[in-house]
Amino acid sequence: MAFLSAHFVAIVFYVLAVLAVAGGVGVITFKNPVHSALSLLGTFLMVAGLFVLRHAEFLGAVQLLVYAGGIMVLFLFVIMLVNVRRLSPDAAFLSRRAPLAVLSGVVFGALIAFGVLAGSLGHPGGGATALQMVQGHVMGNTEAVGWTLYRHFLVPFEIVSVVLLVAMIGAIIFGRKDAGLEGRGGRMEP
Amino acid sequence: MNQYIPILIFTLIAISFPIITLLLAKLVRSGSPNAVKAEPYECGVKMPTTAYDTRFSIRYYLIAVLFVVFDVETIFLFPWAVMFDKLALFGFIEMVVFLAILLVGYIYAWRRGALEWA
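As they're listed, the protein sequences go chains L and D. Count along the first sequence starting at 1, add 11, and that's the number in our numbering. Count along the second sequence starting at 1, add 1, and that's the number in our numbering.
Just chain D, same shape as in the assembly (with noise of 0.2 Å):
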């Protein structure tokens, strides 16, 4: 257990910065709220005027399937990666084959113009 400190010792530490830097920040600004201040903004997007109403496109939950088909697929590549010089020619192929199947979705989604935003 004693080589998770380390690991332990990184949580603390990225916990506490974001507290820090928020207290100090409070510590030193000057703090005059008013409407305009307060209201939501984004650079270069017109916001909506009430915080829940809003319908987002479907295109965002597209995206995430993607994203999420994706990163399992890296996850494979992980332990096939440490194993590379044991698993040999066998473990090549059968990648190739993995990843074969998986580029067939790719072209798909490319060709169905799944990855355009605009």
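So that you can see chain L by itself, here it is in the shape it has in the complex (with noise of 0.2 Å):
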């Protein structure tokens, strides 16, 4: 029992590492495509949980709304409307383009470790409420997020919007019915 209150946060950090992997390597090699996409939903909750544990609340909350709810729908919604539940169940595990997905996972890591060990060198003196200061006061992460964010990312935050904007447009644009054919303007018909 010591041994466990003595390294809770390491214990639950290894069980949702672990199970968060596991839904990973679940959404690739499960045959039907809901399942997959169920077994990413298990990861979201998983690195929900992680950034928990690391208290950036704020992005635990965000990763459950945005990702195991809108993306997940976004997903679901592909996964319907493509059809890919008629996948040939003896589809091939791996495609000729295994080794390059394998080359950019080793580059994306090394990238990840990289950042990481770049944080952990260069961070002074970060502690357990880093991700909760506002100009020296520990308040939350939400507040922390906030002024941050409102305060010295001005440009990028406006930029957000002009990115959302395009990706609004774009799916109104590939949703159209004569897309591709007509080009431009007209409106959507039933």
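In case anyone wonders, no lab produced these hints; they're calculated from the structure. Among these hints, one or two may not hold up.
Label-pair restraints from in silico Cβ distances [stated by the list, open to error]:
id, chain 1, residue 1, chain 2, residue 2, range
1, L, Thr40, D, Ile16, 23 to 33 Å
2, D, Pro7, L, Thr40, 34 to 44 Å
3, L, His18, D, Leu24, 31 to 41 Å
4, D, Pro41, L, Phe119, 35 to 45 Å
Not the full set, but computed from the structure, chain D residues with beta-carbon under 7 Å of chain L [stated by the list, open to error]:
id, residue
5, Leu104
6, Gly106
7, Tyr109
To spell it out: a stretch of chain L is covered by chain D in this simulated footprint if at least three of its residues, at any positions, have a beta carbon under 8 Å from a beta carbon of chain D; those stretches are [stated by the list, open to error]:
id, region
8, 73–84
9, 143–157
All C-beta atoms, glycine included, are put in the ideal place defined by N, C-alpha and C.
Assemble the dimeric complex from its two separately framed chains, guided by the hints.
This is how it looks when you write it as structure tokens:
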């Protein structure tokens, strides 16, 4: 029991991390795309747990709302739309592009490892409350995100709205019934 | 970590509620399944005869994308709202610009008829 309470955070971390990776493996091994999507949902939930564990509570909540909520709905709709449920059950597990995928995975992993190392080395007095500080006061993660984002990252924040706008207009153009036939214009017909 | 105990209890209750409900229902109901009962049914909608061969309208995708975009927009309002006092007028103008840009998208979606279903 003493061991459990002393290493509580580490134990929770490893449980969440193992489950998150297991979910990721499930995504690429399940034959049924809906099962893959549910597996991905598991990964999203575990990552949200990891964020909360690291005292990035706001990010954890966003992970739940946007990924487990919105993005998941999007994925399920896409599965429904493109009819991948008819995928042949004996489709090849590894495609010819597998080496490329492995390469990009390794590069991405190395980048993250580098980022973590650089972050932990160059972090002046981080500590447990580093993500909850507002002007030297410990407030809360949401407050800290709000302060940092809206005080110091004005331009990136406004650019986010442009990115969202592009996504929205792009989806509307793709969703038009005559997409690609007549170019532009025209209301969507039922 | 102690402040998460209520969340843990809440999660456990939320998980056990459907399990208990289903188990209770299984105990009290009479089971006599037949082919008609097992058919998929939705009120007012003609169900496809085979579950996997139906094509769905691209509109579902459009609605999902619009949902995600406005979901993210709302997320950005949360940290702004909790720091509203401190950010003062600067933060207010910042958010107005943000919302104004997205309003362009909303009006575009509206004018294109992307929000109409029928």
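Next on the checklist: For the hint 34 to 44 Å, verify it against the beta carbon of Pro7 (chain D) and that of Thr40 (chain L).
Outcome noted: holds (36 Å)
Checklist entry - Cβ-Cβ distance between His18 (chain L) and Leu24 (chain D): within 31 to 41 Å? => result Given a distance of about 36 Å, which is inside 31 to 41 Å, the answer is holds.
Checklist entry - Taking a Cβ-to-Cβ distance below 8 Å as contact, does the region 143–157 of chain L have at least three residues touching chain D? => result The restraint on the region 143–157 of chain L holds, since 6 of its residues have a Cβ under 8 Å from chain D and three suffice.
Item to check | Within 8 Å of chain D (C-beta), three or more residues of the region 73–84 of chain L | outcome: holds (count 7)
Item to check | Interface hint compliance - Leu104 (chain D) to chain L, C-beta minimum distance less than 7 Å | outcome: violated (9 Å)
Next on the checklist: Tell me if the beta carbons of Thr40 (chain L) and Ile16 (chain D) are separated by a distance inside 23 to 33 Å.
Outcome noted: This hint holds: roughly 25 Å between Cβ atoms.
Next on the checklist: Less than 7 Å between beta-carbons is the criterion; does Gly106 (chain D) satisfy it with respect to chain L?
Outcome noted: holds (4 Å)
Item to check | Restraint check, 7 Å cut-off on beta carbons, for Tyr109 (chain D) near chain L | outcome: holds (6 Å)
Next on the checklist: Taking 35 to 45 Å as the stated bounds, is the beta-carbon spacing between Pro41 (chain D) and Phe119 (chain L) within them?
Outcome noted: holds (41 Å)
Hint violations for this structure: number 5 only, all remaining hints satisfied.
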